[in-house]
Structures are given as C-alpha cells and as structure tokens.
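**Q** Turn these sequences into a full structure, and let the hints steer you where they fit.
Quick note, the sequences are listed as chains H, G and V, same order.
According to this note's numbering, the first sequence is numbered sequentially starting from 2.
According to this note's numbering, the second sequence is numbered sequentially starting from 10.
According to this note's numbering, the third sequence is numbered sequentially starting from 4.
You may find that some hints are simply not true.
What the hints assert, rightly or not - The calculated DSS-like cross-link candidates involving lysine-lysine, where the alpha carbons are at most 30 angstroms apart (straight line), are:
| hint | chain 1 | residue 1 | chain 2 | residue 2 |
| --- | --- | --- | --- | --- |
| 1 | G | 119 | H | 464 |
| 2 | G | 116 | G | 182 |
| 3 | V | 301 | H | 346 |
| 4 | G | 116 | H | 383 |
| 5 | V | 58 | H | 346 |
| 6 | H | 46 | V | 332 |
| 7 | G | 38 | G | 118 |
Said to hold, decoys possible - So the derived label-pair ranges between C-beta atoms look like this:
| hint | chain 1 | residue 1 | chain 2 | residue 2 | range |
| --- | --- | --- | --- | --- | --- |
| 8 | V | 147 | H | 69 | 49 to 59 angstroms |
| 9 | V | 54 | H | 536 | 27 to 37 angstroms |
| 10 | G | 139 | H | 536 | 47 to 57 angstroms |
| 11 | H | 49 | V | 197 | 32 to 42 angstroms |
| 12 | H | 293 | V | 200 | 57 to 67 angstroms |
| 13 | H | 389 | G | 21 | 42 to 52 angstroms |
| 14 | V | 301 | H | 345 | 23 to 33 angstroms |
| 15 | G | 145 | H | 30 | 24 to 34 angstroms |
What the hints assert, rightly or not - Anything over 12 angstroms on all C-beta distances counts as not near chain H; from chain G, calculated:
| hint | residue |
| --- | --- |
| 16 | 87 |
| 17 | 110 |
| 18 | 137 |
| 19 | 194 |
| 20 | 196 |
| 21 | 252 |
| 22 | 287 |
| 23 | 310 |
| 24 | 335 |
Note that these hints are calculated values from the structure, not bench results.
Ideal placement from N, C-alpha and C gives every residue a C-beta, glycine not left out.
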Amino acid sequence: MTASKLDRRYLLMAATGLFVLLVVVYPLWQVFFRSFLDAGAFSLKSYHKVFSNPTYYRAILNSVWVSLATAASCMVVGTLLAFLAVRTDLPYKKALRSLIVLPYALPSFFAAIAWIQLLGPQGYLARFFMQLSGREAAPWNIYSAAGIVFVLTVHYFVLVFITVAGALERMDASLEEAARASGAGTFRIMREITLPLVLPAILAGGLLAFIGSLANFGIPALLGMRARFFVLTTSVYYALAIPDFALATALSSMLVAVALVFMCLQLGIQRGEGRYTVISGKSVRPSELKLRSTRVPLFLGATVFVVFISIIPILSMALTALLTYWGAPLKQASFTLDHFAYILKLEAARRAVLNSLFLAALAATITTVAGVLISYMHVKAKLKGSRALDFLATIPYAVPHTVIAIAMILAWARPPASLYGTLWIILVAYLAVYLPFAVRTTHSTLQQVHDSLEEAARVSGAKLLARLRDILLPLARPGMIAGWILVFMPALRELTVSILLYAHRTETIGVTVYNLQDAGYREVAAALASIVMGLLIVGNFVIRRLTGGAAGF
Amino acid sequence: MEKIRVLSLTKRYRNVLAVESATLSVGDKEFFSLLGPSGCGKSTLLRCVAGLEEPTQGEIYIGESLVNSTAERINVPTEFRPIGMVFQNYAVWPHMTVEENVAYPLKVKKLPKEIIRRKLEEALQAVGLQHLAQRYPSQLSGGEQQRVSLARALIKEPEVLLLDEPLSNLDAKLREQMRFELKDLQRRTGIPILYVTHDQTEALAMSDRLAVMNAGRIIQIGTPAEIYTRPVNQFVADFIGLMNFVPCRVIERSGGAATVELLGGHRLTVADPGGRDGEAALAARPEDIALGRTGPIRCRVAAKNYLGNLIDYKVVASGQVLRVQTPNTEVFREGEDLGLSIQRAILFASDRRSRG
Amino acid sequence: MKFSKALLSSLAVTALIPFFNPGLVSAQAKPGGRTLLYTSVPQELATRFGDAFMKTRPEIKVEIYRAGSTEIGTKLAAEREVGGIRADLLWLADAPVYYELKAKGELLAYISPEAKHIPADLKDPNGYFTAGRLINMIIAVNQEVVPLKDAPKAWKDFPDLGKKAVMGNPLYSGSNFVTVAVFVKQDGWGWFERARAKGVAIVRGNSEAASALAGKEFGIAMTLDYIVSGLIKKGAPLAIVWPAEGAISVPSPIAIIKGTKNPDASKAFVDYVLSKEGQQFLVTQEVIPVRGDVNPPKGQPSASQIKFLPIPYEWAAENAAAIRERFEKIMLQ
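**A** Below you can see the structure in the form of structure tokens.
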C-alpha cells in the first residue's frame with residue numbers, strides 16, 4: 002500500500018479536462034484571439050468599432066435589457082406553474098407537465114414563425130380579434146421588443162419550470178409542516194418558507210433563461226428586423242455578412258462577457274443565500290397543497306395558458322403544413338396532404354431525419370456522460386481545478402451558435418484532425434453547444450445524492466468506476482435521463498450550427514427545414530417540423546412508459 | 010500493538026484550522042473515542058484516518074502500513090485502506106436491498122459467490138437482520154438501517170472500525186441498547202474501534218480510552234476515570250460531567266499543595282502540582298461536596314431536583330451558585346440554611362484562556 | 004442495472020445508423036469524379052438540376068451544399084482562415100461577391116464553349132464567371148390588400164405605400180444589395196430616405212417578404228419574381244408588376260474556384276449549366292434562362308419584352324461596405 006495506488010479520480014479529471022479542452026476551449030480560443038487581429042497584427046480596432054458605432058453599443062444594451070426582462074417573466078411564469086404542477090392537488094398535473102415542456106422542442110425560429118402566424122398583424126388570433134371588435138388592427142404588435150420578450154419567455158420559461166419543479170420535489174416537507182405547526186397560513190408558508198427555500202433554484206433557472214435569450218438568434222432575427230430592433234446576436238450575423246470576421250468575433254466576445262458578468266453575479270447571490278438544501282438518502286414526499294375552491298378556476302387558468310403556449314403554436318404549425326399555401330383562406334379546398342407526401346418522398350429529408358437522430362442521440366449520450374463526470378469531480382470529489390472545469394464547460398451556453406460553428410471550422414478543418422465535411426464536426430459542435438445543459442442538470446442531480454453514500458462505497462473498497470457504476474449513476478438515473486432528453490430534444494432540431502457545418506449528405510432536420518423555408522416552401526417546412534414534433538411526443542410517451550414515469554416529461 | 014497511529018496531524022481548510030497537530034494511537038482490541046463539542050475537529054480527524062480528507066500535514070498508520078505522509082507524499086485512497094466505517098446518517102444505499110448493501114464490500118473484492126453467501130449470513134446474524142435480507146432500506150426503521158450499516162462495515166473484516174456519531178440519530182432507548190450491542194460486538198470480534206461522539210456519557214461508558222478535543226486540538230487523552238477525576242484544564246473539567254467552579258485566591262503553598270481562600274474567607278488545602286499563585290479557580294464535582302446541617306461553609310438551598318438514586322441541589326454560598334448531589338438518605342427542603350464542605354477539588358488558574 | 008442497459012442499447016442503435024446511411028461518412032468517390040457546389044439556388048431546384056446533370060455525365064458526382072447567401076459568405080470566410088475555400092463551384096445570387104472573389108484571385112478563368120450563346124452583359128469578359136440563371140427584382144402585389152389598379156407601377160412610387168410596403172434587407176441578401184446599388188448609383192439615397200420616412204418595412208430576405216405579402220401583412224413587396232410565381236401557382240392572390248423604370252435582373256453567376264481539385268468535372272458542370280439542355284431544364288423549374296435561344300417559362304415575359312435597369316457591378320463591389328453602412332444608417336437605425 003504505497004504511493005503507487007494513485008487516486009484515479011485525477012486520471013478521470015485529466016481525461017475530462019482534455020475533452021473540454023478539445024471540444025470547448027481550443028475552438029473558442031481560435032475565435033477569441035481573432036477578435037484582436039487586424040491584417041495579422043494585434044489591434045483593438047474591432048473593439049473600438051463596437052463602442053463607437055451606436056448600432057453596436059445599442060445592441061449590447063438591447064441584449065441586456067431584453068434578456069433581463071425575459072428572465073424576470075420566465076421566473077414568474079415558471080415558478081408559478083412549477084408550484085401548481087408539483088405542490089398542489091391540481092387535476093391532470095402530469096399531463097400539464099408534459100405539455101408545458103413541449104414548446105421547448107420547437108426550433109426557436111419555428112416558434113417565432115408560429116407566433117407570427119398567431120399574433121402577427123394578419124395572424125389567426127389577430128384576425129379573430131379584428132372580427133370580434135371590428136377594429137382595423139389588433140392592439141398588440143409582435144414585431145417589437147415586447148414581442149421578442151414574449152416569444153423568448155414562452156421559449157425559455159421551461160428552464161425555470163424544470164429547475165424549480167425539481168427543487169420543490171426534493172424539498173423536505175417537514176420544513177413546511179413546521180411552519181404550519183407554528184400557525185402560519187398556506188400563503189404565508191409559501192411566501193416565507195417555500196419561496197426562500199427554492200429561491201436558489203429560481204435564480205439558477207432565471208440565469209439559464211437569461212443567457213439563453215442572450216444567445217438566441219432566431220427569435221430577434223425574425224421579430225426584431227421590422228421594429229429595427231437589434232441585439233448582439235443579430236449584430237454578429239451582420240458582421241459576418243459584411244464579412245468582418247474580427248468585428249463578429251469582437252461582438253461575440255462582448256456577448257460572452259455579458260453572460261459571464263451575470264453568471265458571476267448569480268454565483269455571488271447564491272453564496273450569500275447558502276447552497277441548495279441537500280436532502281439525504283431518506284426520501285420524503287412533499288405534501289400536497291389543497292386548492293379547495295380555487296382548484297377549478299386555477300385548473301382552467303392553467304389549461305388555457307398551456308393550450309395557448311403549447312398547443313396553439315403546434316396546431317398553427319400543423320395547420321400551415323396542411324394548407325395549400327400560408328395565408329390561404331380557411332376553407333375545405335385549401336387543405337391538402339401534399340406537403341406531407343412531398344416530405345416523405347424527399348430522400349434528403351429522410352436522410353436528414355436519420356442524421357439528426359444519430360447526432361442528437363450521440364450528443365445527448367456523450368454530453369450526459371461528460372456532464373456526470375464533470376459534475377462528479379466538482380460536486381462530489383471536490384478536486385482541485387474541478388470548479389474551473391465546470392466553469393469552462395458552461396461557457397458555450399453564452400456563445401451564439403453561429404460563432405461555435407465558426408470556431409469548429411477554425412479548429413477542426415485542418416489536418417491532422419480534418420473533420421470538416423463529415424458528420425463528426427457537427428457532432429463536436431453539438432457537444433460544445435449542449436455540454437453546458439448536461440453539466441447543469443447532472444450538477445443538481447448529484448447534489449441531491451448525499452456525500453456519505455459515495456463515501457460508504459469507498460470505505461467498502463469500491464474503486465472509482467465501481468462507485469460510479471453501482472452507487473452514483475443508479476441514484477442519479479432519473480435526473481440523467483431528464484438531462485439526456487433536455488439535450489436530445491433541441492439537438493434533434495438544431496439549425497444554426499448545422500447550417501454552417503453540414504456537407505453533401507450530412508444535412509440535418511434543422512438544415513432541411515430552414516432550406517425549405519428559405520426557398521419559400523414554408524408549408525413543406527412546417528410539415529417536416531410537424532413530423533419531428535410528432536416523433537418527439539411519441540418518443541417521450543414511450544420513454545415514460547418504459548421507465549414507469551420516472552423519466553421523460 | 011497499535012492499530013492506528015496518528016502523528017502530528019494538521020488539517021487546514023483555506024483559513025480554518027480544523028485539526029491542529031493531533032497525535033494519538035489506538036491499540037489492538039481497544040475502544041478509543043474522540044470526544045468534543047461540535048466543530049472541534051473530531052469528525053475531520055476520523056475522516057483523515059478514513060482517507061476521506063487529505064491531511065495538510067502529518068502521518069497516519071493503519072496497522073503496519075503508512076497510509077498518509079505529507080513528507081513522503083503518500084495518501085492511500087480510502088478504498089485501499091483496511092477499514093470499516095459507519096456514518097452518522099447510516100448511508101445505506103436506498104436502491105439496494107439489505108443483502109446487497111451488506112454484501113457490497115465483498116462483491117467489489119470479487120470473492121467467489123459461495124464465500125460471499127456464507128459471510129453475508131454471518132454478518133446478518135451478527136446484527137440480527139437475517140429476516141430482513143430482502144427488504145429495501147426505506148422499509149426499515151432507523152435502528153435497523155444502523156445495523157445494516159454496521160454489518161456492511163464489518164463484513165470485509167477490516168483492521169479497524171471507524172464510527173462517526175453512529176448513535177446520534179437514534180432515540181434514547183435504542184441508543185442505550187445499541188451502546189451495549191456495540192460494546193458486546195467489539196468484545197466478540199476484538200476489532201479496534203475509533204469512535205467519534207459529542208456525548209460524554211456515551212464516551213465514558215464505552216471507551217477504553219478517549220481523547221477530548223476542542224477547537225482542533227487534542228486536550229487530553231486518558232482512560233474515562235483519568236479524564237473524569239484528573240482533567241488537565243477547566244475545559245475538560247467542564248465538558249466531562251458536572252463541575253462547580255469557585256473563584257479563590259492562593260494564600261500559601263507548601264510542596265505539592267496549596268492553601269486557598271474562598272467563599273467569604275473559608276480556607277482549604279488542595280493538591281496542586283502546577284504551583285499557581287494569586288487568583289485561581291477551584292473545581293469540585295457535585296458529588297464531592299458534602300451537605301449537612303453543620304458544615305464549614307454556610308449556604309442556602311435554592312432549588313432541588315429528585316433524581317431517584319440522587320438528589321440534585323442548587324445551593325447559594327456567599328452569592329455563588331453551586332450544584333451538589335447527595336445520596337437520597339437525607340433530604341433537605343428548599344430555603345433551608347445548611348453547611349457544606351468540599352471533600353475533593355482541583356485547582357486551575359483562573360485565566361479564562363486556559364479553558365481550551 | 005436498467006439504466007446502463009438503456010444507455011448501451013441507445014448507443015448500439017445510434018452506432019447502427021451509419022450502416023443504413025452512406026451519407027454519414029463523406030463519400031470517397033474515385034479521384035477526378037467529384038465536384039462540390041456551394042449554392043444559394045433553392046434546395047429542390049439545385050438537387051434536381053444536379054441529378055439531371057449526373058444523368059448526362061454519370062462518371063461525375065456533384066455534391067451540393069445549399070444555404071442562404073449569408074451562411075455561404077460566412078462559410079467561405081471561415082474556410083479562408085483555415086487554408087482556403089473548399090468548394091469547387093460557386094453558384095450564388097449575390098453577383099457582387101464574384102467581383103470580390105475575382106479581385107482576390109480566388110476564381111479560375113474558364114470560357115465555356117457554351118458561353119458564346121450568352122449575352123455579353125451576363126458574363127465576365129475573362130471568363131471568371133458567367134450567369135447561370137436570371138432572377139428579377141420586381142414589385143409583387145397582394146390583390147386582396149391593394150387592388151392591382153392602386154398598386155404602384157414604378158419603383159419611384161413604391162415608398163408611397165409606406166407601412167403597406169416591404170423589402171428585403173441588403174445586409175442579408177445579395178439580390179437586395181444589387182438592387183440598392185442600382186437605385187443609389189442612379190438617384191442617390193433619396194428613395195431610401197423617403198421609404199424610411201413613410202415607414203416601409205424591412206424583413207430579412209426575399210422569401211420572407213413574399214411570405215409576409217401572401218399572409219396579407221403587406222400590400223406590396225419588393226421581391227424576386229420566381230418566388231412570387233411559385234406562390235401564384237399555389238393559388239395565392241398575388242400579382243407581379245414589372246416596374247416602369249425597368250426590373251432589376253440579377254444574374255446568378257456560376258464560377259469555378261481556383262483551388263478546385265477537379266477542374267474537368269467542374270468545367271463539365273459549368274458547360275451543362277450554360278448549355279441549351281441545361282437552360283431548358285431550368286425553364287421547366289420556372290427559372291428565367293440566360294440564353295436567347297431558350298424560351299422563358301410559360302406566362303413569364305421573355306427577356307426582350309422586359310425593360311431592365313443597368314447594374315453597376317464594379318462600382319457596387321468597390322463601395323460595398325459604404326453602401327451597406329449608409330443603408331443601415333438610413334433604414335435600420
């Protein structure tokens with residue numbers, strides 16, 4: 002028993018470190034250092050441009066306030082729904098949960114299109130309103146900053162919902178019962194006990210929503226142009242169109258900087274608040290709040306809301322797929338199945354579905370495994386440097402996907418590792434894009450597993466791999482499956498990265514939908530997107546069935 | 010032969026000194042306790058022995074082998090140490106049955122199935138859980154989970170057993186029972202035990218020797234009787250059992266004894282190898298103070314508690330409150346004027362700093 | 004261990020997919036038989052056209068990367084940073100890009116034997132690029148919003164419809180950029196200042212403009228004729244107005260990249276694009292041909308019947324950054 006018995010956790014740490022280096026750090030560095038280049042020499046010219054041109058510095062401010070507003074509304078909506086879905090006796094809670102998560106599977110530019118179809122100046126709801134009121138126009142305008150915040154909220158509140166629902170589920174019921182015993186009423190308990198206890202989860206979800214909207218391109222691109230409202234991501238896109246590589250990378254660096262500032266801020270708040278309430282191996286079932294007389298009205302309210310944000314956009318998409326052309330009058334002659342027949346016959350579309358399934362499944366699996374290992378090192382083993390690793394793995398979340406795609410070309414298009422033009426470069430890009438999600442979800446999952454459970458295995462003589470296999474992974478399983486799905490769903494319809502990296506025969510669903518859309522085949526694109534949504538819904542149902550409801554949404 | 014040796018072990022977290030230069034050894038078949046208030050570093054010391062924390066400085070031997078040495082850069086991972094451990098919250102894996110939990114240490118050793126089978130039966134029998142082998146932990150009571158944890162720690166026949174406040178989550182009755190069972194188990198197996206507790210009754214009752222810790226340092230090591238009768242400072246005296254501290258002044262010294270003046274001029278001569286001068290504190294256990302109608306120091310009974318075999322008084326003498334415990338042979342009333350005499354006492358310097 | 008089984012089986016399934024799908028690993032065809040085309044031509048059209056070509060030259064394999072002009076621009080810029088453009092052929096709607104590429108020395112000069120049938124103003128005199136199709140910037144009208152008789156007949160009247168009018172963003176779209184360059188070269192920025200003052204909307208590109216028009220969000224749109232024709236064919240109540248000053252006919256040039264690994268295959272593809280056969284195939288897909296000896300699609304005016312505005316390519320290429328910046332100042336800030 003000597004020094005030769007090395008702690009294998011450091012080996013594992015080195016391996017994951019290498020993974021993060023290759024997938025995240027090296028590619029992003031390739032982008033970052035180019036922001037300081039002008040004709041091959043060091044220069045701050047691009048940064049000077051960013052701060053002297055009102056288009057660009059206004060874009061920074063716009064990005065910040067739109068994302069803050071989105072995060073705030075996500076926190077309100079997500080928390081309220083999580084309360085209803087987890088802690089009350091609301092009927093059909095499970096179905097409610099499944100439906101709430103659905104819009105997340107919609108590509109964000111498709112979500113934007115769906116909302117234009119609904120709320121746009123000639124959207125279905127706008128026309129309905131005009132008929133009802135006899136006015137010339139609807140009293141709202143989706144092509145505005147408020148419209149962007151609205152669609153971003155619908156798209157991202159799910160992140161708050163999931164984190165808060167998780168925290169509420171693992172909260173010790175006795176904390177609330179103690180307050181009840183002290184004579185506090187239901188709403189007082191909610192306000193003074195429950196809310197402060199899940200506040201870290203609310204803030205963590207809010208941060209995800211903030212950074213997500215900060216890095217979102219599809220929604221501000223489709224809704225902001227007409228309002229002449231630009232944010233950082235759309236400015237990056239411009240800079241690339243010019244093309245001014247240095248400016249694009251400088252703007253991207255600004256974006257990452259803004260995200261980092263808020264990440265640090267949130268870390269500071271959380272440290273002040275104390276960490277999550279860690280619950281030991283003993284399982285406690287949180288008590289259900291009896292809604293009594295408010296049960297029916299709240300149920301109706303929640304149903305209307307979920308129908309509005311989940312079902313109507315999907316129906317609107319399906320409706321578009323069924324119409325001969327978008328905007329056609331809603332009568333029988335306008336309906337057709339041609340677009341579905343067309344997409345099913347299109348070889349490229351079938352190939353895209355297979356490619357995307359392959360990429361999404363592999364990306365979800367690899368990032369989940371990497372996420373577990375990184376979180377393990379940080380949360381459980383608490384190794385030196387694991388915090389930095391965790392942090393590095395989270396950075397890509399704040400980087401616009403276009404920039405990640407460029408980073409991949411710069412890093413992996415040259416020998417000896419020339420992945421360019423193959424599916425593998427898309428896979429590496431997906432790994433970078435989705436690693437932060439996997440790290441976040443597995444992070445909170447592992448936090449729930451009490452340290453002593455692993456320590457007991459160590460004392461029992463179990464080595465690292467045995468501990469992961471026998472103790473940690475089985476205990477973290479439900480969270481891991483949820484995390485897997487959280488990567489799989491968006492990866493299945495990823496667009497921004499794939500459009501720059503795909504090559505002959507390596508097209509993805511997102512690319513195909515976009516190319517159809519771009520060529521004016523909006524209805525065919527909607528048909529393909531509808532098929533993908535259908536696959537996701539069925540897939541989710543199957544997973545729930547197989548795991549007895551332990552996984553899936 | 011010593012089974013555990015800890016040599017000048019220091020553990021520092023950033024700017025907090027959790028354990029400072031601790032040295033101790035646990036002999037074969039010895040039941041050794043680490044006793045101290047919460048946050049004194051006793052659990053950290055235990056976790057260092059287990060390899061769950063890495064010492065900042067110092068050496069640890071388990072049996073013959075050096076498992077920690079900062080000088081030689083040795084830190085044997087927990088899984089390679091010949092130890093068994095029971096955690097405060099049991100740490101029974103909720104996704105495994107009792108049988109799976111207990112057999113796990115043998116399973117990772119890849120022992121043949123039939124050997125595992127046999128040892129498992131022995132281990133379950135030893136803790137009396139044969140009938141619950143197929144249950145999941147959520148179907149067990151706290152005491153039963155504790156036994157699972159104990160069986161799991163013993164099944165791999167470790168050289169030493171580490172127990173981290175294993176009884177603190179049990180109710181009083183069960184705690185009492187487990188105390189006897191643990192002691193009995195140790196007698197049968199002869200396994201040396203390093204036991205962490207903040208409960209002094211538990212430590213006194215079970216240990217062969219114990220170390221009293223405070224603020225990261227070991228204050229005193231000794232047998233329960235030594236610790237109880239000859240505490241090295243006010244902290245130990247105060248922490249172990251009940252103790253009255255009476256301010257006094259040394260007025261005369263001769264050899265190893267000192268004569269002090271206390272409680273309104275009363276004089277008393279006590280053994281004092283320390284050779285203190287001036288202001289001091291006299292420490293006397295409640296049972297070492299005699300109470301009677303007559304007695305050199307006048308006092309009045311302020312409160313009385315009937316404990317069954319004993320009677321516990323609070324008396325006031327010259328404005329000083331003292332606890333006195335007497336056998337139930339003679340009973341005094343509250344408010345009664347009495348006399349007391351101190352039969353046995355220890356002298357400490359009155360400097361408050363010595364209480365650590 | 005239920006979970007690890009699920010994990011394993013999902014891995015196994017994903018590992019199997021490549022066997023059903025030869026596209027996963029970039030096909031390694033025989034050397035000399037492959038050419039890679041980057042194009043913004045609509046996916047379906049590009050695919051069908053490629054298939055038609057491969058029928059005539061089965062030994063050559065055309066691989067197609069299709070994306071919007073902006074994405075292709077980004078891809079080219081990134082590729083330049085890591086050792087050069089990977090494409091063999093480039094077929095975009097963004098004519099000015101070709102002047103930039105030519106100036107950077109990134110194009111291969113090739114005068115196709117078919118080029119003699121193409122009018123001189125649709126090709127580079129040195130053979131660096133040749134128009135492969137024509138797309139026309141026109142005024143499209145949604146007759147349910149603006150009756151045809153009230154629709155503007157000329158570009159100069161276009162801004163008057165104010166909020167009912169929409170155009171694509173030249174910062175995204177090449178054909179819009181050419182259009183802006185034509186207007187500015189002729190009359191300066193007055194047209195745009197008027198458009199901004201009256202509230203003409205800017206959307207991303209021509210297909211979005213056409214979709215929004217079909218969706219009745221606008222009454223008129225500046226967009227491309229073939230997109231509108233497609234919508235009319237599907238039954239949308241749209242109409243095309245050929246502006247009095249002249250339409251802007253944006254050639255969509257095809258060029259060979261200098262670093263092509265397979266000049267012969269690339270040249271063969273260019274020949275086919277410019278050939279009578281190739282152009283006739285494009286006509287069946289509603290594309291306006293570049294050859295005088297091929298008739299335009301049914302219902303479309305032939306090139307000789309329409310008035311076209313001259314395009315100042317070299318001027319536009321030289322002043323590209325300034326034009327974009329000024330446009331942004333006037334229309335987007």
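**Q** Does each hint fit the structure? Answer for all of them.
**A** Here's how the hints hold up against the structure:
1. For the suggested pair residue 119 (chain G) and residue 464 (chain H), the alpha carbons sit about 12 angstroms apart, so the restraint of at most 30 angstroms is met.
2. At roughly 35 angstroms between alpha-carbon atoms, residue 116 (chain G) and residue 182 (chain G) are farther apart than 30 angstroms, so this suggested pair is violated.
3. With a C-alpha separation of about 27 angstroms, the suggested pairing of residue 301 (chain V) with residue 346 (chain H) holds against the 30 angstroms cut-off.
4. Restraint check: the Cα-Cα separation between residue 116 (chain G) and residue 383 (chain H) comes to about 27 angstroms, which is no more than 30 angstroms; the hinted pair holds.
5. Between the alpha carbons of residue 58 (chain V) and residue 346 (chain H) the distance comes to roughly 20 angstroms, so the proposed pair stays at or under 30 angstroms and holds.
6. For the hint linking residue 46 (chain H) to residue 332 (chain V), the alpha-carbon distance of about 20 angstroms falls within 30 angstroms, and the restraint holds.
7. Only pairs whose Cα atoms come within 30 angstroms are accepted, and residue 38 (chain G) paired with residue 118 (chain G) is accepted, the gap being roughly 25 angstroms.
8. For residue 147 (chain V) and residue 69 (chain H), the hinted distance range of 49 to 59 angstroms is not satisfied, since their beta carbons lie about 41 angstroms from each other.
9. Checked against the hint of 27 to 37 angstroms, the C-beta distance between residue 54 (chain V) and residue 536 (chain H) comes to roughly 28 angstroms, which is consistent with it.
10. Checking the proposed 47 to 57 angstroms range against residue 139 (chain G) and residue 536 (chain H) shows it holds: the Cβ atoms sit about 51 angstroms from each other.
11. Here the CB-CB span from residue 49 (chain H) to residue 197 (chain V) is close to 33 angstroms, well matched to the stated 32 to 42 angstroms.
12. A hinted range of 57 to 67 angstroms holds for the C-beta pair residue 293 (chain H) and residue 200 (chain V), which are about 59 angstroms apart.
13. Taking 42 to 52 angstroms as the suggested C-beta distance range, the pair residue 389 (chain H) and residue 21 (chain G) does not conform, at roughly 21 angstroms.
14. Checking the proposed 23 to 33 angstroms range against residue 301 (chain V) and residue 345 (chain H) shows it holds: the Cβ atoms sit about 29 angstroms from each other.
15. Judged by the Cβ atoms, the range 24 to 34 angstroms given for residue 145 (chain G) and residue 30 (chain H) is violated: they are separated by roughly 50 angstroms.
16. For residue 87 (chain G), the requirement that its beta carbon stay farther than 12 angstroms from each beta carbon of chain H is not met, with the minimum near 4 angstroms.
17. Remark: the non-interface label on residue 110 (chain G) conflicts with the geometry, its nearest Cβ contact in chain H lying 9 angstroms away (cut-off 12 angstroms).
18. With a closest Cβ-Cβ approach of about 21 angstroms to chain H, residue 137 (chain G) is found to remain outside the 12 angstroms limit, as its non-interface label requires.
19. The beta carbon of residue 194 (chain G) sits about 17 angstroms from the closest Cβ of chain H, which is more than 12 angstroms, so the claim that it is off the interface holds.
20. Annotated as non-interface, residue 196 (chain G) keeps its C-beta farther than 12 angstroms from every C-beta of chain H; the closest such distance is 23 angstroms.
21. With a closest Cβ-Cβ approach of about 35 angstroms to chain H, residue 252 (chain G) is found to remain outside the 12 angstroms limit, as its non-interface label requires.
22. With a least CB separation of 47 angstroms from chain H, residue 287 (chain G) remains clear of the 12 angstroms interface cut-off, as annotated.
23. Chain H leaves residue 310 (chain G) outside its interface by the beta-carbon criterion, the shortest separation being 39 angstroms against a cut-off of 12 angstroms.
24. Here residue 335 (chain G) stays apart from chain H, with its beta-carbon at least about 41 angstroms from theirs, past the 12 angstroms limit.
Hint compliance for this structure: hints 2, 8, 13, 15, 16, 17 are broken, all remaining hints hold.
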